[in-house]
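Asks: Protein sequences, first through last, are from chains A and B.
With our numbering, letter number 657 in the first sequence gets 657, and the count goes up by one each step, no holes.
With our numbering, letter number 100 in the second sequence gets 1100, and the count goes up by one each step, no holes.
Mixed in with the good hints there might be a few duds.
In silico contact screen, one side only, chain B against chain A (beta carbon under 7 Å); selected entries [as the list claims (entries may be wrong)]:
id, residue
1, R1049
2, H1116
3, T1173
Treat the hints as calculated values from the structure; they're not laboratory data.
All figures in this text were calculated on a predicted structure; none of them were measured in a lab.
Where is the CB? At the ideal position from N, CA and C, for every residue including glycine.
Given next are the chains, with one letter for each unit.
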Amino acid sequence: MSERGALLAQFPRERTWLLPALQAVQRAERWLSADALEAVAAHLRVPASEVWGVASHYPELRLTRPGRRIVRVCTGVSCHARGGRDLLGVCAERLGLRAGETTPDGGVTLEEMDCAFACAVAPVVEVDHEPRGRVTPGDLETLLTAPAAHRALPAATIAPPAQRALSGPPTTRFAALGREAERRRTGARLVVGAGTCGLAVGARETLEALRLEVQRRTLPFTVVAAGCNGMCWAQPAVTVVREGQAPRVAGPVAAGDVPRLLDALAAGRLSETGADYLARQQRALLERCGVTDPADIADAIRHGTYATLARVLADGTPERIIEQARASGLAGRGGAYFQAAVKWAACRAAAGTPKYLVVNGEEGEPGIFKDRHLMEADPHRLLEAALLVAYAAGASRGIVYVHGEAELSAERVAAAAAQAREWGLLGERILGSDFSFELELRRGAGGFVLGEETALLESIEGRRAMPRTRPPFPVEAGLWGKPTVINNVETLFAVPSIVERGGAWFAGLGGGHGTKLFGLSGHVNRPGIVELPLGATLRTLLDELGGGSSTGRPIRAVVLGGPSGSLVHARQFEAPLVPRGPVNPGTGGVVALDARASVRDAVRTLLAFNMRESCGKCTPCREGTARLLAMLDGTPDREGVKALSEVVQVASLCGLGQAAPLAVLSALAEFPDAFGLS
Amino acid sequence: MRGRMKLAIDGRAVELPEGATVLDGVNRLGIPLPQLCKDPDGAPLGACRTCLVHVEGQKGLPAACHLPARDGMVVSTEHPDAVRVRRGVLDLTLSMLTPSPERAGFAQVGDAAARHGLLEPSQAPLHRFDVDATKSFFVLDREACILCGRCTVACGEVQQIGAISLVGRGHATRVGVFGDGAMAASVCTSCGQCVATCPTGALRPKETPAKIVRRVETTSARTAASAAASRSACSRGSRAGGGAPFFKPTNAWP
Ligand SMILES: Cc1cc2nc3c(=O)[nH]c(=O)nc-3n(C[C@H](O)[C@H](O)[C@H](O)COP(=O)(O)O)c2cc1C
Ligand code: SF4
Ligand code: SF4
Ligand code: FES
Ligand code: FES
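Okay, chain B solo, but in the shape it has when bound:
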């Protein structure tokens, strides 16, 4: 069959179409590999570094979400090196978060950490934040945020709104709005795309337990977003926003 690839992942065979990633194979087999920054319908961001796998004959531990599948690849999610380093990344991730009852175990992060035998983070968070509850329908709770960036992509690239952005740099990076103001002061239209994609419940509906957030992800509310997102999957070409970039005329040196 042309354009199909056979891989072995954790000793199980899987067939994938051309253009698929190793993470697609992992998910097709239902292997529970963390993938915190990967929106199922979006292009990979490569930010969370929790989808690391071992590939036979390859150096290092590539991130499965942006690793193109190749025919004959032998992949392991259970290789001790992969598990050890992933666990280290999850520990750093969990160490960003401040537990509380409303935060209900941090959804996907909590699950992934538990599966790696991590019940407690080894360190206390570096930053404290107040919850931004200025919007009527949802909150932005930065003490539950892992800076995966999914919400900002959903808002800016999928919805083309740009109400929120990653702000600052280094470990002082945060999700924010203009002037580090309140969510309600932004151009947010309460479309809910950010809430739907947030893997931790940092963005969560008001008065709703964080657990439900994961159910929201599978509802049809996401279909419009999916269509837009999948157009951009695996292709940087879409970053131009469609049109050819303007090119500065000669002799202009701003």
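One chain only, chain A, in its complex shape:
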């Protein structure tokens, strides 16, 4: 059998495997030739034209052969603010290419990116899908010419538990796992922030240097590759974790700084970085991010993960989870703020089996990178949350759907799931209870609209990511027509603590709304991820956490909530960020723009993004966004823009179109001078 044939033979001949099969072939062959598409069509018995329809729909699928090296420069709003466009210019000149072109010898392809989802280390350039952050024009020569090394972190092997309690209630069985985890405890740890952001600015080198130097000096430390604690600005950061002491963070620590760091540590005069950054937050969801080892289930268990699950399974009261969530007021962090408990109860009550839980880890909205932080840093918490929600909603099957380029998130969630399965925390009769749950990982293939819940279901079924009409809602008829709960990663992250500490605890934060993650980027000194109670203000986010403007010029505007959000004027920086309030936090993307940044450029970038990302299904969005962009490129007349915007907002089928004109409308209202209007 040909290599391709063998690859395809792994996939059952069902349409649902269309995207995974296309992705597998592309991984092996670097692109999808007509030949390859026909082979996929024949194997899956999907009509060739429909395979073409799907392959031509997803931006990450390549229908033309790329160069041997692919250079992608991010020109999203955050990277643009930090010089991304200049980097693109330098690359274009150096390579003699325009974005989208390949050198005649097939050596290099140059592309422009909408967002590399590492906005906190902007500007970002990717070479062969390996992101580099804080890139300066001077770095490009090496970046463009150095041999592309594959740079996967060495995978940890975590031994399965030596003994498992094979009888008794879930709590007894879990106690045995807890003892096993305790036996594996090591002493003090040096934890390196090896999330996407850290790795993009040298965490791998820091990690290697630290391992070598600790070994050389025979120091009593274990070196751990963790996720980011939210201090992207301090990456690569090293956190010192000692039993019974508060973790202390130092950063940035480049590989060359490692000896000095260890000297300081030995002398007991480690200079701590950004303690106030952590202290000013209320970190519930982030509590273990950057501290726990994402690759070790024993460490997760020592930090308390899965204990709530064990107790709930022992009690056998799934309804209590729904009650606590209802009391907590927890509302969807995917941006729509829909009450989580309402969905779960509806799914539980709906007829049909099996029921599904879909974890939405697609996160394709430029300017926000919170779900990636959570998945990379604390994947076991996501699994515990998914198990709790599945138990509550009566779901027996789950899919974690991770963005196609969020490699690290996918790797860590997959590894965590494999461990959980070995430890009896996933699969048949979890912890000996009558609750069984199977989980599978799927990857997206690009496109903002893919994160829209019904488009995501379509893609799992092997179709173009075009949203469905509602009703029926997914909780009644979702994946393959079965009741399906879809929740955002951040929404799920709140669940274990809510069940553990009670709904009232969460509702007590943020005036009934709980805490929310925000992603700070653009012109701030300390870009990163923070967690604050909703009701916080942009002023707090920008000044107290973000450390104020990075350029010395005042921050004049914020892009809040990415391309579905709005441009917020400085005079609204004191307004509380409340869902459905006058300043809606959306997904929590906060991109600061200083007084010199062009509001018009930002708006154009956002609108052009929405236009390209329109799935093409419905007329107002597909046609209207293109016409709006044309208006913006001319001299926009306010009434004309408003009239067309109304049509796009009111008539569009899904949230993409409905929100697409917001940035333009808010900018016209708040920054008329940017458009030559008064």
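Since chain A is already given, all that's left is putting chain B with the ligands on it; use the hints.
Replies: Below, chain B with the ligands alone, put in the same frame as chain A:
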């Protein structure tokens, strides 16, 4: 009477059975509401956004084709907000099309636009296409296509052929075949279902004026298709193609 609902649409009473949509009520009363992407025998697609109505006590302007009718609902197709936004959508729709004599007013689109006082689109089309006349009996004329998607559903889901599909994304979306090739190179069997359902005459019989396309829609050629389509109406369950989906065994992470 159990399971029947009374609604008022444009001030007229109408009674509908359980499971009906507001569009069913509109059509029962013979109110001329545009419904370009709704095949009378198929499930709603929600793509054209021209069936927008106003519902008392409800925010926004829902699309009547996938709005379940409820007892006591007060619906207006003539509410000024609904007319204004619908007209805007029709303008965007009409602006996709390139007029020509063979295109004969774009059938349902032309009628709907005219009824909203739109004789000319406000903008020129974004794309130009050649007519695909490679099939013996009909043409695919993309300059008359509004991307309602009806033909692809008729071909793929009703006839289970899949010769055509929506291709690409954003405003570069088009109706096409594998590799953006010619219709004749596809597995098209010339069953004519796509031609029968096309609301604009973009798919039209050769040498036949587009106007006739609308008569074709009412002929018995559609009955087989109707039966299949109505099975799937209002139910996503049918999307699985009948059988339960295969579920990947554990430990498999492709
Ligand atoms: C254009 C568009 C993109 C979206 N992208 C995402 C996404 O990337 N991740 C996500 O969780 N929700 C996204 N959503 C929201 C989902 O449709 C859905 O509301 C959410 O996943 C439900 O989970 P929640 O209730 O926990 O927020 C998107 C919605 C739209 C309209
Ligand atoms: S609003 Fe845009 S993205 Fe959403 S269904 Fe319509 S065309 Fe697709
Ligand atoms: S060819 Fe006709 S039926 Fe097909 S999408 Fe275009 S307008 Fe609709
Ligand atoms: S990484 Fe460049 S804008 Fe997000
Ligand atoms: S007929 Fe309702 S959206 Fe097209």
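Asks: Hint by hint, say whether it matches the structure.
Replies: Results for each hint:
1. R1049: 4 Å, holds
2. H1116: 13 Å, violated
3. T1173: 3 Å, holds
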